[in-house]
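Enquirer: Listed here are the chains, written in short residue letters.
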Amino acid sequence: MGAPHPYRRLPPQRFWRHAAREAAEGVPDPVTPPDFRIGPDDAVATAGSCFAQHIAAHLKAGGFNLLVTETDAGAVEAPFSALYGNVYTARQMLQLARRAHGLWRPGEQAWRRPDGRWVDPFRPQLFPAGFETPEAVASARLSHLAAVERLLAEARVLVLTLGLTEAWLAPCGAALPVPPGVLGIEEGAGEARFHNFTFEEVVADLDALMEELLEDNPGLRVILTVSPVPLVATYEARHVLESNTLSKAVLRAAAGRAADRHAAVTYFPSFEMVTSPLAPADAFAADRRSVSDAMVGRVMGVFSRHFLAERGSLPNAPAAPSAAPDITPEQEAAFRARSSILCDEERLDPS
Amino acid sequence: MKIGVLFSCQHAMLAHALRALVPGSHVPHYDLADCRTPEAQQEVLRHLEGSDILITAGAPEEFGPLHDPVLAGRVKALHQFPSLSFGGFHPDTVHIPLPDGHTLHGPTGQYHSRLALGAYLSGFSPGEAELLFNRRVFSRLGYLGAFALESALMTRLYADYGIELTEALERWRARGVFMHSVNHPLNFVMVDMAVLVARRLGLMQPGGWADWLVVEDNLRLHPRHPVLPPLARELGVEGETGFHIGGPRVAENSLSLGQFLAAEYAAFQARPHEVLRGAEGLDAVMTLLA
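Residue numbers (my numbering), protein chains in the order written: chain A, 810 to 1160; chain B, 26 to 315.
Because the hints were derived from the structure by calculation, they are not lab data.
It is possible that part of the hints are untrue.
[As the list claims (entries may be wrong)] Output of the computed footprint for chain A on chain B, the stretches with three or more beta carbons under 8 Å from beta carbons of chain A:
1. 67-81
2. 103-112
3. 144-155
4. 304-314
[Stated by the list, open to error] The following residues of chain A were derived to be distant from chain B, with all beta-carbon distances above 12 Å:
5. Glu996
6. Tyr1044
7. Ser1099
Beta carbons are placed, not taken as given, at the ideal position from N, Cα and C, and that holds for glycine.
This is chain B alone, in the form it adopts within the complex (with noise of 0.2 Å):
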């Protein structure tokens, strides 16, 4: 059986897991990010044409050929599935849209801090701004409730997929922080969405875990930003400081709050303050701060 899946950043995970959970399955899999340019599409829609099943995280009009409704008639079904978000652990975590279409980069990549980014706004300094990594401020912007609300967010989203998502939630919160950063789960949770998708389109038999089975975590060395101590405090788990550039030697690549901030000014100071306005959430951030 050849199961395609053209997915997010979660596309390898996914696809390894599937590939052990369905016994003699091929599984292309291919980051949607990589499939920008029409030749990309092109080469990618070649090997997964005529897939029995395709899963996909769902492309819009721009990606020609594998568009959802374009590609449907390729493939012998397409099943769409949300990629994994969760802020939970990460609720200052922002992606900031820039007019191209793409997002800013600054010292965690994509990733940006909402509260550094509303302080630069508001005219703090970067020490300033260190202030502001407290229980106060985040109980004020709800970040200290974003769990429960991204439990429930993200349980409605799969449900609209079919997937009940209510027992893999509580398997991942046994284990501690079960996301490296917003939208890079752990292993073990791409482990567990590949058990439920497998379900839902009857690959599997319900019932039971994957427990046995370990995926390549191939997010881990990433970037990401810490659970910070006053929100990990509050959901019982452990709690960092650093923010980790990428790479290897995780100690290494990683930036104090203060060193973290003042390169999050330098890639805001880049950019026209109108441009960088449009992160969201923001809004809290600045009328907390005015």
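Chain A with its partners taken away, still in its complex shape (with noise of 0.2 Å):
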């Protein structure tokens, strides 16, 4: 006797043809079942590229908990959870969350736009009317960076979609969300230079990020997709179109790698949904970029079957080890001086 076919018993979901007839039924539903579901009182917060502004709506939209730390009249109306705008890239993500944890303090400050109104260059459109000076840019920035801090530490899920890897970055290593050229900028930006990030960069600044993130919030999870909206250009030497395949090929390698590394991670197939060879006609819309309403909404539903419920069931954080800490003879010096220190307070006592 041969030895088994190592197929025959897989289930369903992993053959073309069971794929292709739900295709021919509506949409493919390619979502590995996830081992939690989010409540409507868990706090979500969605970050990325265009995309993730769509699962935002949605889930506002479906009465869940978008958590939103920042919000300002004086900011373009998008459903951002903090008004950072979109995050392109991976490391633009890693550097957000150091910013806002006062670890990072790059030296791209302030530019000045042709209308000599300041503008933030991580966040260069989002405010529309600008600043009236660097310090007002700066300011803005602080309670910013304050609420993103926040959004990070109370969030129980993060969407994350990843969206480019060809980034502009600054002299300080900044990776800017557009370069300075882009809005004719004046004053205050450094030359910026191209760089495409490669698909270890990506890894590694999504293992760093994860490490990080969780090192804020132990219990959070996060829900990585790659968005399918195809490169508006590309600054290689070659076509648009390479370069869009090259560069969702990285995103969607290094979101997988991210996934099978970290336990908190969760892929979701959003991008496979709308650009398979079995997604509907009308995926995208009129302009062949855009993805149509029509799609996003049976992605949201494919996001809602697998994801969403009336009742979370999120793993808590898991507990921190108990296990009785090394004392080095430093510290057992400083706490015995410390313990020697006379207090002056008592003639102070106003009391």
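Once you've looked at the hints, go ahead and assemble the two chains, each given alone in its own frame, into the complex.
Expert: Quick look at the structure:
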């Protein structure tokens, strides 16, 4: 007797003909069921490229708890959880989280537009009116970063959509959402250089991001998606189709790697639903770039089916290890020295 | 029985509790911080002389006649116990020693924020410093593990003086935040400490606590830092954000983090950097912010 056919007992969703049947009946459901559900009370934050806004809008419309820690009447209207605008690359998200925790202070501070108004290089198009001075930009940024920190600390779930690998880096290494030249910036910007993040770089950035996010919020679950929206342009010396495929392939592979490596990460295959040969003919709008409203609805229907529920089932944060601490001689000496400090406060007692 | 107490700012609560625990005792008590001049030392010596038991936090040589070996010759029995210090709720609080032997005073008296100091010395603006009060930074500086570390250090220190602290620590922990600040315990802590000291000196029978006893908490209106939210969440206690500058009407006399940092920066600016760099544990902050 020969070896058994290794595919014989596999479930139907492993076979293309099953997916094709699903497609014929509507839209394929490629989601591997996650081990948790999001309930109406669970705070969900979203960030990433444009497609993240669809997820945010859907959650809000469905009565789920879209966590919003920052609003401003002067900002463009978009369902951002905090006013960071679009975060296109993993590096940009990593740096945003580090800036929000005060642990990275990039050299890029404020840009002056042709109309004389100043903008934040990290969200230059979010406030159409701009700011009067660089100091006003800095002040608004501090409030913004505090709101991002609160967001990352309070969210039970972060839905993060990866959009691009092509980026522009400021001289300090900051990943910019747009190069200053696009906006005609006249002052304040260093010379940005083009960089196309490799698979290894995106993986490393996502690894660092996940480790650091869990440091902030040990119970956080991250749902990673890859934006199906194609590149609007490439700076690489090749056709935009080729760049788009490479870029999305890198992001998709890196997202898969992150989900494999980090228990807190779940991949949601919205990219596959929209871009596969089995996607409905109306998956894209007439411009053949924007995802159609109908397709967004289908994708979010699948998202709801697998991730949303009347009662959430998000696991609690793992308990911190309670091992007895190792005490160094320096710690012991410092503790004993502190025990012998005399307190002068009583003589200052105003009561 | 005359039980003299020459201790830290915790002297009054310790003495009041001992007086209640040891019937018929007379317990004069003094703060070592008030005994820096020869005149004060002679005056305090006059009151403590002849004590049957003298409890001291340990007076160094500059305290003249109150220095432990000298004072031991003027009382029947001298016992040293450390003043209670516990930074598990306030791991960011630090004293900044000055060249004159005192410590720097700021908006919350002797208590400063190590993070604020590190941020100041690293060139952060007060607004940028405010961003640092988060779980990630606390984790990297070891603040989240400070409770366990301080518990172990405190237990070990008292064991050196023949006092087993484990059960008492569990009692205090069960009541939530048991320290106003790193060296200001709440009153119930000092009652338990008095019980432990009394037992150690044979003034009380082993076993049991004095839960019936309440002493006035004379440290509650002194300056204090909050148990900051990232740590409070970790410890399962109520977090605060107000930095109490001291005095009654705590709400009115509290600063927000932003106000506190601005006032801290003003205090730092009055001193040369090399003086400020003497604060304990500052290197870790400077390295993190580099």
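Enquirer: All hints are to be evaluated individually against the structure, with a verdict given for each.
Expert: Each hint tested on the structure:
{"no.": "1", "hint": "67-81", "result": "violated (count 0)"}
{"no.": "2", "hint": "103-112", "result": "holds (count 5)"}
{"no.": "3", "hint": "144-155", "result": "holds (count 6)"}
{"no.": "4", "hint": "304-314", "result": "holds (count 4)"}
{"no.": "5", "hint": "Glu996", "result": "holds (21 Å)"}
{"no.": "6", "hint": "Tyr1044", "result": "holds (33 Å)"}
{"no.": "7", "hint": "Ser1099", "result": "holds (36 Å)"}
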